[in-house]
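Protein chains: 4
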Amino acid sequence: MIFASDNWAGVHPAIAANLSEHSGGFSVAYSEGALDNAVYDRFSELFEREVAVFFVATGTAANTLALSAYNKPGGIAFTHREAHLVADECGAFGYISGGSRLHGVDGALGKMDLAALEQALARFTPDSVHGGRAMAVSLTQSTEIGTLYSLEEIAAIAALAKRHGLPLHMDGARFANALAALDVSPADMTWKRGVDAISFGGTKNGCWCAEAVVMFDLERAKELAFMRMRAGQLFSKSRFVAAQFEAYLRDGLWLRTARHSNAMAVALAGAMEKSGAARLAWRPQANEVFAIMKKADAERLRTAGAAFHQWPAPHGFTGAVAPDEALFRFVTSFATTAGDVERLGALLG
Amino acid sequence: MIFASDNWAGVHPAIAANLSEHSGGFSVAYSEGALDNAVYDRFSELFEREVAVFFVATGTAANTLALSAYNKPGGIAFTHREAHLVADECGAFGYISGGSRLHGVDGALGKMDLAALEQALARFTPDSVHGGRAMAVSLTQSTEIGTLYSLEEIAAIAALAKRHGLPLHMDGARFANALAALDVSPADMTWKRGVDAISFGGTKNGCWCAEAVVMFDLERAKELAFMRMRAGQLFSKSRFVAAQFEAYLRDGLWLRTARHSNAMAVALAGAMEKSGAARLAWRPQANEVFAIMKKADAERLRTAGAAFHQWPAPHGFTGAVAPDEALFRFVTSFATTAGDVERLGALLG
Amino acid sequence: MIFASDNWAGVHPAIAANLSEHSGGFSVAYSEGALDNAVYDRFSELFEREVAVFFVATGTAANTLALSAYNKPGGIAFTHREAHLVADECGAFGYISGGSRLHGVDGALGKMDLAALEQALARFTPDSVHGGRAMAVSLTQSTEIGTLYSLEEIAAIAALAKRHGLPLHMDGARFANALAALDVSPADMTWKRGVDAISFGGTKNGCWCAEAVVMFDLERAKELAFMRMRAGQLFSKSRFVAAQFEAYLRDGLWLRTARHSNAMAVALAGAMEKSGAARLAWRPQANEVFAIMKKADAERLRTAGAAFHQWPAPHGFTGAVAPDEALFRFVTSFATTAGDVERLGALLG
Amino acid sequence: MIFASDNWAGVHPAIAANLSEHSGGFSVAYSEGALDNAVYDRFSELFEREVAVFFVATGTAANTLALSAYNKPGGIAFTHREAHLVADECGAFGYISGGSRLHGVDGALGKMDLAALEQALARFTPDSVHGGRAMAVSLTQSTEIGTLYSLEEIAAIAALAKRHGLPLHMDGARFANALAALDVSPADMTWKRGVDAISFGGTKNGCWCAEAVVMFDLERAKELAFMRMRAGQLFSKSRFVAAQFEAYLRDGLWLRTARHSNAMAVALAGAMEKSGAARLAWRPQANEVFAIMKKADAERLRTAGAAFHQWPAPHGFTGAVAPDEALFRFVTSFATTAGDVERLGALLG
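Going down the list, the protein sequences come from chains A, B, C and D.
Here this note's numbering is used: position 172 in the first sequence is 172, and no number is missing along the way.
Just add 349 to wherever you are in the second sequence, counting from 1, and you've got this note's numbering.
Just add 698 to wherever you are in the third sequence, counting from 1, and you've got this note's numbering.
Just add 1047 to wherever you are in the fourth sequence, counting from 1, and you've got this note's numbering.
Bound conformation, chain A alone (with noise of 0.2 Å):
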């Protein structure tokens, strides 16, 4: 019964077993490899235009290096308060950056506000060097509460952006999850909606080391190159990255994967429901349940086995905790089986 974090989860065997495939044999090192470039097609495949991919490290890699591709002197982008970019990332963005720093908005249920985004922006004059100038946004798709924007709510903040000359970054740690919640095409939820760049996450959902920056702007990614490599970022082996996500993105394997972690989101919410002793904090739309219960509570289902985290009240929640109840965190995964929830179900009943 772990629901901790979707990055406890191990490797699919799809996934395990191209890599094992791929294992002999010599190629081309340095992200130039046949089996990158047949990659990359199939990130274009996938997104209808052509795309430029960077295979990276970790998500805090993919998140930094694709703003950093926007990157100005006294450069602020602006993201949600409680974003990972800025509580779980060690400042990674002002380092990799060289200085630039993130501006938090205010936002219910781990979503900027549009009206805040704008009353953001508005703080910051372009011409003015003493204020620092906008360089772009960012947003978590789905998002580190396990909640969605719609299409309409991107379109509106690439909109806002793109009047403020900035381009719209999105983290895609779980980009799947959000694909698959909303039945839509990966060109929907991104360029089509003003997206320009994404960091592109396959492993919380499956891949043992999968992530990628994947940007629009076929010019502005040449630059993407050089960062990577000065940031420790380009693996000599990189077929390896290229493996993974091979089977990952083959015959719709990565929405199989997420569609059962949401799946197991919404059985979880469901049982804990059931259950009564449990209450939602809010509705879960991806992997991702938030949950108020007794601490007693919590206690007794991590002496069972369970694990999970407790968590700080996002900003704008409202919901009531008494003084012997607390928020917990349950995510789900690839790996979460009908049992799991069963079992906790069970426990919490």
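It cannot be assumed that every hint is accurate.
Calculated cross-link-like contacts (lysine-lysine; reagent style BS3-like; alpha-carbon spacing at most 25 Å) [what the hints assert, rightly or not]:
no.: 1; chain 1: B; residue 1: Lys-511; chain 2: C; residue 2: Lys-920
no.: 2; chain 1: C; residue 1: Lys-770; chain 2: B; residue 2: Lys-421
no.: 3; chain 1: C; residue 1: Lys-972; chain 2: C; residue 2: Lys-993
no.: 4; chain 1: B; residue 1: Lys-421; chain 2: D; residue 2: Lys-1119
Covered by chain C, per the in silico footprint, the following chain B stretches (three or more residues, Cβ under 8 Å) [claimed, not checked]:
no.: 5; region: 418 to 424
no.: 6; region: 473 to 487
no.: 7; region: 564 to 577
Hints listed in this document are in silico derivations from the structure and should not be mistaken for laboratory results.
Using N, Cα and C, we set each Cβ at its ideal position, and we do this for glycine too.
Please build the complex by placing chains B, C and D on the supplied structure of chain A, with the hints as guidance.
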């Protein structure tokens, strides 16, 4: 007949198998799982003392983060002028260290000359704010051109570094090749000679992606955990690196693959000498053979399917190269076969 | 009637005279001349203990270098959300510190609220590599909106910082104005309350360019010499800064000019209240007056030759501002005359 | 008899007087005042085309910011191996540029050898992410050892740089000395020969603190405004720098002081040659004299009150230096008097 680089090879079957074996189940993420810890212990056992181990994505990351642990404002790290850090990492050291720099030291056969290093160090006064300050010395073992520092040479460089209050870092991208060639223990080649930090590479010797910083100063190592995370180098599913190292270090696999690579280099050198069409630029000591050939012969080999690189003459090289000749590098790996070597020899002859 | 900023004023005649007096002859360069050393001694005398003094070019340099002396990978410095460091330095802190970041703390009247600071600090765990680490606390005295921390408030913030193992930095761009207003000694307002490092500004109070970092930890200060040089902040003819500080600190000139500025602010506040056309947004405690006026009145003043800035409402400001009104900032300086204040009052009235 | 450096001198009386003259009144701050603008116009007039001018605090700031305007990830700036940028700025270039680096080029007499530069540039392929990328070429005029690039030499370096798509920067810490010695116009020595950006120094030639970046590409210059602010190099009371430059550039003062310095160097060289106790290491072309003397004689001069530095032999220096001799540097300035020179000559003789 792939001799382009040892990182064009794939993964050793035993390592691939161990990755698959560990693909299921769940594990604590971010370098703190049971398998990670077991592998850290294995490293300590290997080095005959407690070490701190940090898995990272690339050799460039290992080199630049290891040195950054000893960073100073105005810092200067001394290394051979043709070291990988200087020549092949896109300036990553300056970037990752936040602006410190490398000072290239002369020396024949890819090795820092002790007197040249002493002279270079003497140029910088620790207390002067103008010239900058020595912060570390780094040597590559085996070197970028397939030669070796003897234990005595390592000890002499370490002693000189210590006299200047400086740590000694070893770029061990081909650590195993050096160890196998010298037939000594990891402790013998490192801390017993005064080495303080190692970039411990497994990728070139049969892993997919297994690089680690190994440090002997446990106190100083604590900061590296933050530096690694900030640099986007902390894998979430770090156990996939651990699984590679586990197999790599089990039952001496790493030394067997290294010995094989080294033996293939000796065989290749022999085949070249016998052929008369190529002459060795210098005697190979690890898994790289540098030879002078007619460009026409090189072209002929390539047409027949051989892959290898032309190479600039290293510092201090005094061999004669005719206008219709050039210097070429051939790298052997765990995956090189005696048949590959024979075929190349036959083509040459 | 220039109330735009105290840095629109020129130089006090006594300081200009001293600069001219020292213009001849020769001196050791780069901060090590006789006059430099005499002024360092003067600072030690002033602070009643030995201090380390570093002249730099700007307040931004002083703030960012002083804090960088306490830098950590993943570092976070806590300061008021409207502090100069956050709002007016083009992200210099992130850049100069090599990627560390600021965390804005709430608080009314331009001052960090102690509880808000405590809550902010509590969000970061020293040992977690994900969230980043607290590295310092910084307060501005007098604040960016002309208010003051009492000695007790400084001591309370310092005590909280110390409980978290953090140094306390004081942005003293208007150090003298605060000192004069509180009528205490430099030691009283700083190290006796727990302050570790100061950006000691002279420019806004009558110098041309006289800013210094003052540190009480002499050991840690040694690194700052390298950081300053590396940042291009080490003047060759540093005695020109020393000459300014010599005159500035001689016979209490700096306190007289500060008292004058402060008195002019009081007079201006009085004139405003008397006029009925402007009401004070809050009571001025140093040399800045914030008032709410009709925009039409502001326009009228400007047409008559007055210079001052419209200002965004600070955090926690609850005053009523009608649609045809706005908040305006008026800054007084050593060069402000009673006549200026009277003229403005007359125009208002 | 102070020949230690031209920055040991004070300020020229006319410049001191102009500073005092502008000490009163009020001015718009942060480089946008009337006097600032007038001086910018003066620079444009001087260079016979519109230029962008950025006042900064030090030559190190000017050099590193000017080059940073052309920064690239993995960037390499090429300059003489003994250039101030390399040898005397505490690694500021790597820091200010966010991790780019310098490549030292060989050349006798302190000047890059054209063939050596060509060879150095040839080592780096623009499209390879491994080796790093050329981003700029920088030359010092007059050089760090008192020699001059002829206009033809500047043009040849610029042409080579342009063939590689690179800008040419001129470190003009002693710009006036070079100009006076060559007796050409500022335009002749810079953009008419292909120079793109200049570190325009006034400090060493009679100002207190007057350094500026001058750029001919006005579009690119816009970014420098943000880079300067972010680096803490934007003076609030910038008119104090403007006032110095106003006097410096008025009625040819700067060329008169430079001619004087240069003439004093010639006189000093003559006195040395006449004395027989010192021989010139090479012919001085600007305001620095390098001579070989017995160490005992040097000691004798110092005892008699002379200040000057021993100097390491520059690259390519082939002069004979006996064991009891050393190389010494003597720098003249606007403040050097014929009497100083005579006294030194008399002591020598």
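Here is how each hint holds up against the structure:
| no. | hint | in the structure |
| --- | --- | --- |
| 1 | B:Lys-511 / C:Lys-920 | holds (22 Å) |
| 2 | C:Lys-770 / B:Lys-421 | holds (12 Å) |
| 3 | C:Lys-972 / C:Lys-993 | holds (19 Å) |
| 4 | B:Lys-421 / D:Lys-1119 | holds (24 Å) |
| 5 | 418 to 424 | holds (count 3) |
| 6 | 473 to 487 | holds (count 3) |
| 7 | 564 to 577 | holds (count 5) |
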